[in-house]
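Peer 1: Protein chains in written order, with the working numbering: chain E, 89 to 414; chain S, 9 to 272; chain R, 2 to 266.
You may find that some hints are simply not true.
[Unchecked claim] Estimated spans, in silico, between C-beta atoms of each pair:
id, chain 1, residue 1, chain 2, residue 2, range
1, S, Glu-166, E, Pro-102, 39 to 49 Å
2, E, His-116, S, Leu-114, 17 to 27 Å
3, E, Arg-164, S, Trp-57, 54 to 64 Å
4, E, Leu-241, S, Gln-45, 49 to 59 Å
5, E, Ala-359, S, Val-241, 48 to 58 Å
6, E, Thr-248, S, Leu-162, 53 to 63 Å
7, S, Glu-166, E, Arg-96, 28 to 38 Å
8, E, Arg-96, R, Thr-185, 38 to 48 Å
9, E, Arg-330, R, Asp-225, 18 to 28 Å
These aren't lab readings, by the way, just hints derived from the structure by calculation.
From the three backbone atoms N, C-alpha and C, an ideal C-beta is built for every residue, glycine too.
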Amino acid sequence: MSHYIIKRLLGIIPLLLGITIISFVIIHLAPGKPTQLEMSLNPKVSYEARLRLEKLYGLDQPLYLQYTNWLKRFARLDFGPSLTDNRPVLDKILERIPVTLTINISSMLLIFLVAVPLGIRSALNPEGAFDKITTFFVFLFFAAPTFWLALLLMNLFCITLGWLPVSGLTSLDFEYFSPIRKAVDLAWHLTLPVFVSSIGSLAGISRYMRSSMIEALKQPFIYTARAKGLPRNTVIYKHALRNAILPIATILGLSIPALLGGSVIFESIFAIPGIGRLFYEAVMTRDFNLIMAEVVLGAILTMLGNLIADISYAYIDPRIRYRNEK
Amino acid sequence: MKNNKLLTIGVIIISTFALIALFAGLISPYDPSFIDQDNLLIKPSAKHWMGTDNLGRDILSRIIYGARISLSIGLIAVGIATLIGVLLGSIAGYYGGIIDGLIMRLVDIMLCFPTFFLILAVVAILEPSIYNIMIIIGLTGWMGTARLIRAEILSLKEREFIQASRATGASSGRIILTHLVPNAIGPVVINAILGVAGAILLESSLSFLGLGVQPPTPSWGNILIESKSTLGVAWWITVFPGLAILITILGFNFIGEGIKKRIG
Amino acid sequence: MTPEILEIIDLKVDFCLQGKINQAVGGVSLFIRDHETVVLAGESGSGKTVTALSITGILPPNALIAQGKILYRGQDLLTLEEDALSRIRGNQIAYIFQEPGAYLNPVLSIGDQLSETIILHQGLTKEAAREEAAELLALVKIRDPKDIIRSYPHQLSGGMNQRVFLAMALACKPRILIADEPTTSLDVTVEAKMLELLMGLKKEIGFALLFITHNLSIAKKIADRIYVMYRGKIVEEGDQDKILTRPEHAHTKELVAAFEKIGKL
Chain E
89 MSHYIIKRLL GIIPLLLGIT IISFVIIHLA PGKPTQLEMS LNPKVSYEAR LRLEKLYGLD
149 QPLYLQYTNW LKRFARLDFG PSLTDNRPVL DKILERIPVT LTINISSMLL IFLVAVPLGI
209 RSALNPEGAF DKITTFFVFL FFAAPTFWLA LLLMNLFCIT LGWLPVSGLT SLDFEYFSPI
269 RKAVDLAWHL TLPVFVSSIG SLAGISRYMR SSMIEALKQP FIYTARAKGL PRNTVIYKHA
329 LRNAILPIAT ILGLSIPALL GGSVIFESIF AIPGIGRLFY EAVMTRDFNL IMAEVVLGAI
389 LTMLGNLIAD ISYAYIDPRI RYRNEK
Chain S
9 MKNNKLLTIG VIIISTFALI ALFAGLISPY DPSFIDQDNL LIKPSAKHWM GTDNLGRDIL
69 SRIIYGARIS LSIGLIAVGI ATLIGVLLGS IAGYYGGIID GLIMRLVDIM LCFPTFFLIL
129 AVVAILEPSI YNIMIIIGLT GWMGTARLIR AEILSLKERE FIQASRATGA SSGRIILTHL
189 VPNAIGPVVI NAILGVAGAI LLESSLSFLG LGVQPPTPSW GNILIESKST LGVAWWITVF
249 PGLAILITIL GFNFIGEGIK KRIG
Chain R
2 MTPEILEIID LKVDFCLQGK INQAVGGVSL FIRDHETVVL AGESGSGKTV TALSITGILP
62 PNALIAQGKI LYRGQDLLTL EEDALSRIRG NQIAYIFQEP GAYLNPVLSI GDQLSETIIL
122 HQGLTKEAAR EEAAELLALV KIRDPKDIIR SYPHQLSGGM NQRVFLAMAL ACKPRILIAD
182 EPTTSLDVTV EAKMLELLMG LKKEIGFALL FITHNLSIAK KIADRIYVMY RGKIVEEGDQ
242 DKILTRPEHA HTKELVAAFE KIGKL
């Protein structure tokens, strides 16, 4: 298995390179140079000043040199200053990552804890009442735009029923709360965002779990398990489920890009200070440094997610973990 | 049988919307951009079946014209994506070797980017417009199709009729176009149909964020921009456009699922 | 005359496939005596496996036992509750199947799968069960049982897996072992060893053997009595001698002739 891990890790290098190249290409899609926008905001800037700025950004050099310079800075985690307030982009991102991470990890946990049992239950009685009802809702949630669901839920739970807070991460007098009350307050604020974030993936993964489980239950070794006299629950949860659930690790990992993309929307709707919202603000203010940093970051997170998913799969599946013949 | 029911419902839904989009001018009760200061935020009523928005514009009319915009963006974006995907996928599958390796690497790299991030970044740089959106959604959605076609072609490549073609001296391009692609196109079509749904979702999300179709041109996504500020006050601004999107997506999904079951 | 331990009376089993009902077993009656070796012979699709699976009620969900009685030591198994049936399965009536690789769970260790029945039916602790499992592996002539216990099915050869399966089936010293084409997917030499092992253990432990196969040369080697099945019905039955040398039914004659032709009888 270590052989497999090393192969995977080596495979990352070309991916990283590719990510940086494409990101670089995107920056230079701008019809004018990045400095032009800054210039246009301040028409009094003289020709010399513009030249100086271009030199500063290295825009007077040939493209490949610009790329390698950019790559070097990027490797040092120097993404440059934010064009809005001059603070280092890295700092702005770092301070918002914990929130988004919390939400995404909670989402994945929620998805796992809900989608898996739903899928199993559906698989145990395919085409039965439970299955049909669940399938109906799955289709519905899959087809509804996430932001629309967020708005509807907001309308229902925050405004009409008043059960959950409308926006923000914390209540007004958060600083004065005891640690426990702080944790509860955070959870209260994060409930709807986490739920909204999970809906799409929840639908998909429960569907996948359903077919995976149905497949597993058809396998020959299930006959063996029953022939041995094992109780029904053991057959289902020990023999079938352990086989059916193997790919879920990979799938959860694959849902990261969707979660990240979705975070832009619901973080904006719920006014959560995460990197999704930061990205949205960056786009609105055309803060190129921040935009590029986030795009690259998003790609890297996705790549890491896939890597972890693949390696976990190799670990849990004995057929990959133990390759040798005896 | 159940699959035919699904397919039929889906086709009915999409045809209805297509007709609405085509004949928007004839059906729409009002001009979608007509600002009526005296009728701001009216509830759904006899005069305005779906109410009016904060500028007094009739929501039903905006949804009707929005159908035209959203559907065409979806169709063209998927058209672009499918074209690129089929092109790159078939070249990769047919020629194999380094070309295959390079193209598949590109696919892997593109798949690393959260689609939405990429689209937003490009829109930020190039400024939102209907054409830009169509192109960028297309440019970020070809990867699945490419993989599909490549897989199909890989399996078809070794079949007899291809060998026969080669033996008679047909050029590679000819073989790809006249034999391989038509046979491999099945799953690609299903993918494309489901892809339109995805594209419409993407466009509406973009427009909702203000980075897609710009007002006053109505798109289902940008009608919903107002719902943020009118939550709890004007439910009709939120409900109707969203329902339009939901039903359209369901329609495409039904068609896709229906065809899948038919082919079995 | 040794007593009958299992008797199937007029068994009919239907399958429901896409709305249509097919009869897989159309009125089968057979019996097995204690310590006997009975071969159930016939081509694939003749209903042999369905009959075997019906005995302990482990048919797929779309199967329906339309009528019949299955008497095990006097009790009709078809009338038993699931609880009572599970106590018999694996404990008094055990199975081995055709492809051990497919019929063993790929994600559970050999030791785990072996200990399961022991823990379940004999109430031993995990550690005691592991010890027992190692002994069982030694019984089926597997070297390094401790090593194999920690292994997984994909790491072992087909022959080894089948021996593991045999050990698993014999873990609780069953009264009847039902073997459904256990050697069909094995190499000829491995097959011979397997049969030798099986019959040796049968002598030692004393179970009755219901051996399902389409291969009459195996029947010749091991059978006391043979039932021939064709299209869901028993078409002929009798001692090994009678069936193989003086077949009466047309289908039996075909089978015997086919094997004589390739010099296997």
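Peer 1: Would you mind marking each hint as holding or not holding in the structure?
Peer 2: Now the hints, each set against the structure:
1. S/Glu-166 / E/Pro-102: 39 to 49 Å: violated (29 Å)
2. E/His-116 / S/Leu-114: 17 to 27 Å: Holds, at about 18 Å.
3. E/Arg-164 / S/Trp-57: 54 to 64 Å: holds (60 Å)
4. E/Leu-241 / S/Gln-45: 49 to 59 Å: violated (33 Å)
5. E/Ala-359 / S/Val-241: 48 to 58 Å: Distance hint for E/Ala-359, S/Val-241 is violated at roughly 19 Å.
6. E/Thr-248 / S/Leu-162: 53 to 63 Å: holds (55 Å)
7. S/Glu-166 / E/Arg-96: 28 to 38 Å: holds (30 Å)
8. E/Arg-96 / R/Thr-185: 38 to 48 Å: holds (40 Å)
9. E/Arg-330 / R/Asp-225: 18 to 28 Å: Given about 41 Å between the Cβ atoms, the range is violated.
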